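Sequences are here, hints too, so could you generate the full structure?
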Amino acid sequence: MSNVGLLFVGAVLFMNGLLLLGRVDPKSAAVFNLFVGALQILTPTYLIFTAGDDQMKILAASGIYLFGFTYLYVGIVLLADIDNICVGYYSLFVAIVALGYSFANFHLLKDYPFGVIWLYWAFLWFLFFLLLGLRKVPLSDYVGWVTAIEGWVTGVIPAALLLSGYWKHTTEIAIALGAFGIVVFAALWPLTRKSRQPVPAGSTGGTGTPS
Numbered sequence: 001m002s003n004v005g006l007l008f009v010g011a012v013l014f015m016n017g018l019l020l021l022g023r024v025d026p027k028s029a030a031v032f033n034l035f036v037g038a039l040q041i042l043t044p045t046y047l048i049f050t051a052g053d054d055q056m057k058i059l060a061a062s063g064i065y066l067f068g069f070t071y072l073y074v075g076i077v078l079l080a081d082i083d084n085i086c087v088g089y090y091s092l093f094v095a096i097v098a099l100g101y102s103f104a105n106f107h108l109l110k111d112y113p114f115g116v117i118w119l120y121w122a123f124l125w126f127l128f129f130l131l132l133g134l135r136k137v138p139l140s141d142y143v144g145w146v147t148a149i150e151g152w153v154t155g156v157i158p159a160a161l162l163l164s165g166y167w168k169h170t171t172e173i174a175i176a177l178g179a180f181g182i183v184v185f186a187a188l189w190p191l192t193r194k195s196r197q198p199v200p201a202g203s204t205g206g207t208g209t210p211s
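Quick note, the sequence shown lines up with residues 1 to 211 if you use the numbering used here.
Relax, there's no trap hidden among the hints.
Listed next, with one range per pair, are the computed distances between beta-carbon atoms: (1) G22 with I76: 16 to 26 angstroms; (2) Q197 with D53: 54 to 64 angstroms; (3) A186 with I157: 15 to 25 angstroms; (4) R135 with K194: 11 to 21 angstroms; (5) G22 with H107: 33 to 43 angstroms; (6) G22 with D54: 38 to 48 angstroms; (7) I96 with W167: 20 to 30 angstroms; (8) I58 with A186: 28 to 38 angstroms; (9) K110 with K194: 39 to 49 angstroms.
For the record, the hints were derived by calculation from the structure and aren't laboratory data.
Only a predicted model underlies this, so the values are computations on that prediction, with no experimental measurement involved.
The beta carbon of each residue, even a glycine, is placed where N, CA and C say it ideally should be.
Below, the structure is given as structure tokens:
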């Protein structure tokens, strides 16, 4: 069940990346965020209620709420057209907690690929904090590309492999994920340099919100 939710996490990250790049209407993106946010609240609730006393299953499911609340929050902010700075500071909370979930996946659950994937998410949500919480508007293109790419790398592709039974050789997958993230996100930085030129004083930049 969580793998199905992961598939739609990939979809909403991709859509929100396009939103930050100015390719998607904010209100349309808001509706999809609400759909996925609701799914990401119902899924961990079911998994926790059916886990019995299995603390590892509860731990694995609990992190999903971090993203479910993000998507619901973003959907409401976009529809109501209200200030998104609180989404930014909530994203800082998610980024910090995601580091803990990465540690848990590496050392408790022994799930090395998702240990790396949680690092991806920590990085992404920290970027949301910079963009929305600290108003670093010139980062919007870089954050948009990172968001869209993470939608596929941390959501759609892992979900497809898990659902089809091809999620094997996990140590190699973890190494490949780590190498891909370092190379691609480092390469994106100079490629988006032009969009990070200083904006005129008083400009709000008009960016959307994160995933």
